[in-house]
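Chemist: Sequence:
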Amino acid sequence: MIIVHYNYEGWAQGGVATYIRRLCEMQIQRGHRVHLLAQQPAEMQSGVEPLLRAPDEASLFAQAKSLGADLIHLHTTIRRLPEQPIPLVRTLHTHAPYCPSASKFLERWGQPCNRGYSLAGCLWGHFVDHCGSTRPQKLLANFRNRQDDFDTLLAGQIPIVTPSRFLKEQLVALDYPEKLVFPVYLAAGRVQEVSPPPKETVPRFCFLGRLVPQKGIDWLLRAVAQVKVPMHLDIGGAGPREAELQALVKSLGIVERVTFHGWVNEQQVNHLVQSSRAVIFPSVWHEPGGTVAVEAMVHSRALIIARVGGMPELVKDGVNGFLVEPNNTAQMVQSIERLASDWELAKQMGEKGKIQSAEYTQERHTDAVMKVYKLAIERQLCTSPS
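Under numbering that gives the first Met the number 0, the sequence shown has 50 at position 51, and the numbering climbs by one with no breaks.
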């Protein structure tokens with residue numbers, strides 16, 4: 000099969016690029032021919048064919064045709080359908096089809112948005128909760144883009160892969176056909192060697208992700224300042240809030256407890272996770288899925304995760320980790336102290352997570368995605384004129 004993957008920034012740093020790269024590599028291993036097209040030229044080293052630029056839908060569809068593509072796998076929005084039929088599949092990485100800001104995050108309060116989409120409710124969110132820009136042109140663009148995205152998906156009856164049941168529920172609530180939405184949990188990379196968490200040193204915890212408001216890092220740092228047992232926090236990631244967060248660390252007096260590692264590659268991620276007693280994922284927006292949680296489980300590490308979005312589908316509270324309410328500092332402190340003080344508990348939780356991670360292999364994920372491809376191709380054949 001010839002498969003075209005279409006993204007906004009190609010091999011840009013971040014979870015979406017990592018997801019696409021791993022899926023492409025697995026498809027290539029299975030004998031498929033894979034091409035990546037992107038609107039923007041951001042590029043990183045990968046094992047996939049060179050990145051091709053497709054700044055708009057016309058270029059995307061024309062290049063897909065010239066490449067002889069059997070299917071286009073969308074990882075970003077499109078605003079119109081191809082004139083000549085070609086099967087389309089969409090993986091939803093954000094909340095774009097049902098949230099004008101695509102984030103479901105109330106920035107003013109640092110809280111996840113629990114509203115369903117409505118014009119009045121989302122306008123209120125923009126102006127009162129600061130979930131999106133209130134500049135007239137940007138505001139109009141946000142609402143228009145959401146409507147266009149959903150309308151295009153609906154008009155094309157495009158099968159959608161979601162990284163959690165939570166996202167499926169959001170789509171179905173807007174009357175997207177349930178039979179066209181397929182929850183497929185994310186997969187982790189392969190790990191060559193797994194060992195129990197270090198026991199003899201100061202317990203280390205790690206955060207992996209972009210340094211942006213919705214990741215809840217300031218909440219985590221304030222909790223770290225209140226932890227009464229020895230511990231250390233490693234932060235792997237970069238982003239616009241890095242300087243602000245470093246200043247917060249100084250003001251809280253926890254410089255000796257926190258290390259900023261900047262952006263980390265896959266090898267460095269493995270090292271940080273293996274050096275930790277547990278992985279902390281304190282997001283305060285509705286995380287669509289969260290590769291980090293699966294990465295921790297593959298490494299036999301316990302998790303401390305905010306109860307938002309699709310995350311509670313992966314973490315069983317008290318079994319392979321702890322679920323805490325967003326911005327609940329007392330719960331975060333308690334969870335860190337329990338794992339920092341009880342190596343055996345952290346080890347047991349990590350082992351249970353490792354067993355659970357067998358459900359989230361790249362092989363199984365690719366199998367599920369290929370089944371959606373098959374459905375999309377069959378639907379196209381059924382609807383195409385004979």
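A couple of the hints might just be wrong.
Stated by the list, open to error - When the alpha-carbon atoms are kept at most 30 Å apart in a straight line, the in silico BS3-like pairs for lysine-lysine are as follows:
#1 K373 / K227
#2 K227 / K64
#3 K198 / K227
#4 K227 / K370
#5 K178 / K373
#6 K370 / K353
#7 K198 / K346
#8 K351 / K198
#9 K351 / K64
#10 K249 / K227
#11 K315 / K249
#12 K227 / K315
#13 K137 / K198
#14 K178 / K315
#15 K227 / K178
#16 K227 / K351
#17 K64 / K370
#18 K198 / K353
#19 K373 / K351
#20 K315 / K346
#21 K178 / K346
#22 K373 / K346
#23 K315 / K198
It is worth saying that the hints were derived from the structure and are not from the lab.
Chemist: Each hint needs a verdict: does it hold in this structure or not?
Modeler: For each hint, the structure was consulted:
About 54 Å separates the Cα atoms of K373 and K227, which puts this hinted pair outside 30 Å; it is violated. Restraint check for K227 and K64: not satisfied, since their Cα atoms lie roughly 61 Å apart, outside the 30 Å limit. For the suggested pair K198 and K227, the alpha carbons sit about 18 Å apart, so the restraint of at most 30 Å is met. Straight-line distance between C-alpha atoms of K227 and K370 comes to about 50 Å, which puts the hinted pair past the 30 Å bound.
Restraint check: the Cα-Cα separation between K178 and K373 comes to about 14 Å, which is no more than 30 Å; the hinted pair holds. For the hint linking K370 to K353, the alpha-carbon distance of about 26 Å falls within 30 Å, and the restraint holds. Between K198 and K346 the CA atoms are separated by roughly 10 Å; this keeps the pair inside 30 Å, and the hint holds. At roughly 18 Å between alpha-carbon atoms, K351 and K198 fall within 30 Å of each other, so this suggested pair holds.
Between K351 and K64 the alpha-carbon distance is near 47 Å, which puts this suggested pair outside the 30 Å criterion. A hinted pair counts as satisfied when its Cα atoms are at most 30 Å apart, and K249 with K227 qualifies at roughly 18 Å. Taken as a hint, the K315 and K249 pair is broken in the structure, with Cα atoms around 34 Å apart against an allowance of 30 Å. Proposed proximity of K227 and K315 is supported: the alpha carbons are some 26 Å apart, at most 30 Å.
Our distance criterion of 30 Å between C-alpha atoms is broken by K137 and K198, whose separation comes to about 51 Å. A distance of roughly 27 Å separates the Cα atoms of K178 and K315; the hinted pair therefore holds under the 30 Å criterion. Taken as a hint, the K227 and K178 pair is broken in the structure, with Cα atoms around 50 Å apart against an allowance of 30 Å. For the given pair, K227 sits about 27 Å from K351 by alpha-carbon distance, which is consistent with the 30 Å threshold.
Proximity of K64 to K370 is assessed by CA-CA distance (about 22 Å); at most 30 Å being required, the pair is judged to hold. The straight-line distance between the Cα atoms of K198 and K353 is roughly 18 Å, inside the 30 Å bound, and the hint therefore holds. For the suggested pair K373 and K351, the alpha carbons sit about 34 Å apart, so the restraint of at most 30 Å is broken. Taking the CA atoms of K315 and K346, the gap is about 15 Å. The hint holds against a cut of 30 Å.
A distance of roughly 40 Å separates the Cα atoms of K178 and K346; the hinted pair therefore is violated under the 30 Å criterion. A hinted pair counts as satisfied when its Cα atoms are at most 30 Å apart, and K373 with K346 does not qualify at roughly 41 Å. As the CA atoms of K315 and K198 are separated by approximately 24 Å, the hinted pair is consistent with the 30 Å bound.
Hint violations for this structure: numbers 1, 2, 4, 9, 11, 13, 15, 19, 21 and 22, all remaining hints satisfied.
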